[in-house]
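Please build the complex by placing chain A on the supplied structure of chain R, with the hints as guidance.
Protein chains: 2
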Amino acid sequence: MRVALELMTEKGFLSTGIEEVLSRSEVPRGSFYYYFPSKEAFGLEAIDAYDAFFVNKIEKFLGNQRRSTIERIVAFMDDAEHGMSKYGFRRGCLVGNLGQEMGALPGSFRIKLVAVLEGWERRFAVCIADGQLRNEISDHLDPERLARLFWTGWEGAVLRAKLESNPQPLHIFGDAFLEILKAR
Amino acid sequence: MRVALELMTEKGFLSTGIEEVLSRSEVPRGSFYYYFPSKEAFGLEAIDAYDAFFVNKIEKFLGNQRRSTIERIVAFMDDAEHGMSKYGFRRGCLVGNLGQEMGALPGSFRIKLVAVLEGWERRFAVCIADGQLRNEISDHLDPERLARLFWTGWEGAVLRAKLESNPQPLHIFGDAFLEILKAR
Chain R
1 MRVALELMTE
11 KGFLSTGIEE
21 VLSRSEVPRG
31 SFYYYFPSKE
41 AFGLEAIDAY
51 DAFFVNKIEK
61 FLGNQRRSTI
71 ERIVAFMDDA
81 EHGMSKYGFR
91 RGCLVGNLGQ
101 EMGALPGSFR
111 IKLVAVLEGW
121 ERRFAVCIAD
131 GQLRNEISDH
141 LDPERLARLF
151 WTGWEGAVLR
161 AKLESNPQPL
171 HIFGDAFLEI
181 LKAR
Chain A
1 MRVALELMTE
11 KGFLSTGIEE
21 VLSRSEVPRG
31 SFYYYFPSKE
41 AFGLEAIDAY
51 DAFFVNKIEK
61 FLGNQRRSTI
71 ERIVAFMDDA
81 EHGMSKYGFR
91 RGCLVGNLGQ
101 EMGALPGSFR
111 IKLVAVLEGW
121 ERRFAVCIAD
131 GQLRNEISDH
141 LDPERLARLF
151 WTGWEGAVLR
161 AKLESNPQPL
171 HIFGDAFLEI
181 LKAR
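So the protein lines, in turn, are chains R and A. Per this note's numbering, the very first residue in the first sequence carries number 1; after that it's consecutive. Per this note's numbering, the very first residue in the second sequence carries number 1; after that it's consecutive.
So that you can see chain R by itself, here it is in the shape it has in the complex (with noise of 0.2 Å):
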């Protein structure tokens, strides 16, 4: 799964091959067919895996209470820019990586992707409402249009720092998502 996630992060699912998941993992090829019966059913369990790591990673950082709101999500995006360094900008992100093949993945993939995204900005939008309750966050907007936003715009500067091996687009998306926040 590890390495699957690896390879799927760099290329998307469809030209990731479970032969090639295997060659690198040494595992052999019926222990996979014992535990997942196709490609599909395994690219379902890698999203739930890189959903539950991530999800971690969400709460680690937002639900962090001697910070401010704006610190936290700061600190959220610091920490996904080390993540995308670290790995010389070659990884995004899982979901979306999938989200633009989803041309030609099962309907399954489309179900699954969209409640995970869901899920993430229902944990942006209560920091966001949080922030909003202790006068961090402006007030005028709403939290969950807010959390939408985000993850709409941040998919976006993800792809675009990968596709330029460089850290810029997640800043001038964070910077003026920060503007919005702090706008009054």
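Because the hints were derived from the structure by calculation, they are not lab data. These numbers were taken from a predicted model, which means no experiment stands behind them. Hints may be right or wrong, so weigh each one.
Where chains are identical, the list cannot tell them apart; a pair therefore holds if satisfied intra-copy or between any two copies.
List time: in silico DMTMM-like cross-link candidates among lysine to aspartate or glutamate, alpha-carbon distance up to 25 Å [stated by the list, open to error]:
{"#": "1", "residue 1": "39", "residue 2": "164"}
{"#": "2", "residue 1": "112", "residue 2": "10"}
{"#": "3", "residue 1": "39", "residue 2": "20"}
{"#": "4", "residue 1": "60", "residue 2": "130"}
{"#": "5", "residue 1": "57", "residue 2": "78"}
{"#": "6", "residue 1": "60", "residue 2": "142"}
{"#": "7", "residue 1": "112", "residue 2": "164"}
{"#": "8", "residue 1": "60", "residue 2": "179"}
{"#": "9", "residue 1": "182", "residue 2": "26"}
{"#": "10", "residue 1": "86", "residue 2": "144"}
{"#": "11", "residue 1": "86", "residue 2": "20"}
{"#": "12", "residue 1": "182", "residue 2": "48"}
{"#": "13", "residue 1": "182", "residue 2": "136"}
{"#": "14", "residue 1": "39", "residue 2": "10"}
{"#": "15", "residue 1": "182", "residue 2": "144"}
{"#": "16", "residue 1": "60", "residue 2": "136"}
{"#": "17", "residue 1": "182", "residue 2": "142"}
For chain A alone, coordinates are given in the frame of chain R:
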């Protein structure tokens, strides 16, 4: 080329096979290899063809002197939504699709894709600078930075609209961008 662009805007470069392009377009294999030495060479020409089509569209909308600069940008976004809706939100942006696959594409693609986005951004920056001169767009931000913000977030919105089969992500990002342009 038209068939290839249809397939590649749906599912990317890696999983679009030359065989599929040839059989759908009823072009014999020999003719393909007469014009293109490799799939890589074909992919690079496909990016050029898409860029030419898209630059034409951007110039048509952003260069329309009878409208305010904000109206021109809105017209561009509306047309993009119309274009996605026409194909049931199955087709995204070729540049976004190929960007996601960058981890597995030849280096020649990166240089070309970055240059294409920069070309689109330059045209947006000219329109935004024009809007600032006409006092239609807030002049506290750098036009090039705003153009870069637009294309970074817009690619994310197109990806999300494709994932959800739904135009709402285009509105979420588009509305936020217009707010930034108008903020005093």
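Is it within, between, both, or neither for residue 112 and residue 10, if the alpha carbons may be no more than 25 Å apart?
Answer is both: 20 Å inside a copy and 19 Å across each meet the 25 Å cutoff.
Please sort residue 182 with residue 136 into within, between, both or neither, judging by C-alpha distance up to 25 Å.
The answer is both: 7 Å in one copy and 23 Å across copies each meet 25 Å.
One pair to classify: residue 39 and residue 10, alpha carbons no more than 25 Å apart. Within, between, both, or neither?
both (18 Å within a copy, 20 Å between copies)
Is the C-alpha distance from residue 112 to residue 164 at most 25 Å within one copy, between copies, in both cases, or in neither?
between (29 Å within a copy, 11 Å between copies)
Quick one: residue 39 to residue 20, C-alpha cut-off 25 Å, is that within a copy, between copies, both, or neither?
both (12 Å within a copy, 22 Å between copies)
Given identical chains, is residue 60 near residue 136, meaning Cα to Cα at most 25 Å, within a copy, between copies, both, or neither?
within (20 Å within a copy, 42 Å between copies)
Between copies, within a copy, both or neither: which fits residue 182 and residue 144 at Cα up to 25 Å?
both (16 Å within a copy, 22 Å between copies)
Which holds for residue 86 with residue 20 at a C-alpha limit of 25 Å: within a copy, between copies, both or neither?
Intra 23 Å, inter 37 Å, cutoff 25 Å: intra-copy only.
For residue 60 and residue 179, with the copy left unspecified, which applies at a CA distance of at most 25 Å: within, between, both, or neither?
This pair counts as within: shortest intra-copy Cα distance 23 Å, inter-copy 31 Å.
Could you place residue 182 and residue 142 in one of the four classes (within, between, both, neither) given a Cα distance threshold of 25 Å?
Classified as both; 13 Å inside a copy, 19 Å across copies.
Classify it for me, residue 57 with residue 78: is the Cα-Cα distance of at most 25 Å met within a copy, between copies, both or neither?
So residue 57 and residue 78 pass the 25 Å test inside one copy only (12 Å; across, 36 Å).
Please sort residue 60 with residue 130 into within, between, both or neither, judging by C-alpha distance up to 25 Å.
Result: close within a single copy only, 16 Å intra versus 44 Å inter.
Hint violations for this structure: numbers 9, 10, 12, all remaining hints satisfied.
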